[in-house]
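S.K.: Given chain A, work out where chain B should sit, using these hints.
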Amino acid sequence: MLKALWSGKTLPVLVVSAILIVLWYVGAILLNSDMQRDAFANANNTNYTFADLVIGTWSQERPKLPAPDQILTELHKTVIDTAPTSKRSLVFHGYVTLTATLFGFLIGSALGMVLAILVVHVRSLDKSLMPWVVASQTIPIIALAPMIIVIMNQFDITGLVPKSIIAAYLSFFPVTVGMVKGLRSPDPLQLDLMRTYSASRIQTFFKLRIPASVPFLFASLKVGVAASLVGTVVAELTKSEDGGFGARLLAGSYYGQTIQIWAALFAAAACAWALVSLIGLLDRAVTKAMGAR
Amino acid sequence: MSSSPVIDIADLSLTFETNDGPVHALSNVSLRIEKGDFVSLIGPSGCGKTTLLRVIADLEHPTGGRVSIHGMTPEEARLKRAYGYVFQAPALYPWRTIGKNIGLPLEIMGYSKDERATRIRKGLELVNLTGFENKFPWQLSGGMQQRASIARALSFDPELLLMDEPFGALDEIVRDKLNEQLLRLWEMTQKTVVFVTHSIPEAVFLSTKIVVMSPRPGKIHDIIECNFPRDRTLDIRETPEFLDVANRVRQGLREGHSYVD
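Residue numbers (this note's numbering), protein chains in the order written: chain A, 1 to 293; chain B, 1001 to 1261.
Isolated chain A (complex conformation):
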């Protein structure tokens, strides 16, 4: 039984998680103890034990590092106990972020695929476009996002679209790169075969290049969707009036609500994980239908 656990992924993951949680609690003691001592001093409490100190560091209202159970309590409160329509609900903020993420991801991956097809088929574009595609990713998104939002606001484009565009900006790149690689993955033999049939470029594209690119495409879609979420959250830091995880992070940092920040962080990570897993499932279904063992 134990052996079966050990040989699988479950036990190693559990062990690592346990170690991290222990380190986390220790870290919370170290980081929060100064403030706790001050709190005791302010309350004229000089007669506290080490245990009091420890418990104190794990239950502050605005700790430097909240303990895991505090974050879980916050998550429980804001995900389950709060009505999803409330601005205090993480479900509400999650919905805002996810819609912008998915819309941006759709735009970004569509754009990425079109760019890849152009780059592979038009020689001059390979030379002229690809450097720009790479250069686009060297600009820090945190600097670019506010400008995009301000400029779009000038044209009365508000709401979902500006955020999605930033999400798309981050997700098109991995899709372009992966798809270009995939479309170029057929070996000379597979291409020669098409030539012996006098296949047209379009036939070679649909019957050879596209199917050959599918595994590459899915790998980059997984990276792309996670990047989309990051883009949306960054956009929400600037454009926080509609809510979203980014707005929640911003509000938390305004008011020193560290527990709220961490809860939003975990919720965002869980969403990213869910999106990546969803694409993973789709990947498995598609490649299985395409004969993968």
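Everything labelled a hint here was simulated from the structure, so no lab data went into it. Only a predicted model underlies this, so the values are computations on that prediction, with no experimental measurement involved. Virtual Cβ for every residue (Gly too), placed ideally from N, Cα, C.
The list that follows gives simulated cross-link-like pairs (lysine to any residue, SDA-like), each with its CA atoms no further than 20 Å apart:
id: 1; chain 1: A; residue 1: 288; chain 2: B; residue 2: 1097
id: 2; chain 1: B; residue 1: 1080; chain 2: A; residue 2: 202
id: 3; chain 1: A; residue 1: 207; chain 2: B; residue 2: 1081
id: 4; chain 1: A; residue 1: 288; chain 2: B; residue 2: 1094
id: 5; chain 1: A; residue 1: 207; chain 2: B; residue 2: 1097
Derived contacts from chain A toward chain B, CB cut-off under 10 Å, selection only:
id: 6; residue: 187
id: 7; residue: 190
id: 8; residue: 192
id: 9; residue: 194
id: 10; residue: 196
id: 11; residue: 197
id: 12; residue: 214
id: 13; residue: 287
id: 14; residue: 290
id: 15; residue: 291
Over 10 Å on every C-beta distance to chain B, these chain A residues come out as not near it, computed from the model:
id: 16; residue: 12
id: 17; residue: 84
id: 18; residue: 132
id: 19; residue: 150
id: 20; residue: 282
id: 21; residue: 285
M.R.: For chain B alone, kept in the frame of chain A given last:
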């Protein structure tokens, strides 16, 4: 035998320009292949046998001389889909089932769905793969994969079959079996076959004509006629006649090699 050959090659040469200077892959090659012939090109690595086959298939362009296939240039012949080509590796598309792989050229050439189904069934029968239509390539052994690739090359019924060391990667037991099957196939379909190999027994067993080639520059050293009865079996390899031809081929290969080193 008809007076107009299927393949007529005259004075063919092909030079690759490389960074280390020109490489003469083929030089002054002339060869006539008649309808129904089974011609083997044999020689050591670098003698241009694969290049010659690729020139016939319009996968390489000669730098001199003339090639005609049924009176057409190789390009015209390729555009008319005059030949089926079997590569060294099966080159089956892994995302297609065996049936769909055999049907690939038919899809490209615009055959109707019903016609494709009929031809795929016939093709599977021809190479003894009935029942494997819906398997994916990785579920088949190497020999079965190569048989599928032969069925694919024959699916659109080209008159000419070009084979580039199709059994080179297989073990000898499988290879013997496939050689026998290929011979039956050739007898049955009456195709003209050009077959590249570096196995002497394989060449002698299969061929009506063995073209012995020598390297640097690649050229034809000798052409040996070899007319065993069409319904021969592998047992023929023990006969003195077989060994005699095999010896001549071996000698030709040795002579072709001697003045190189």
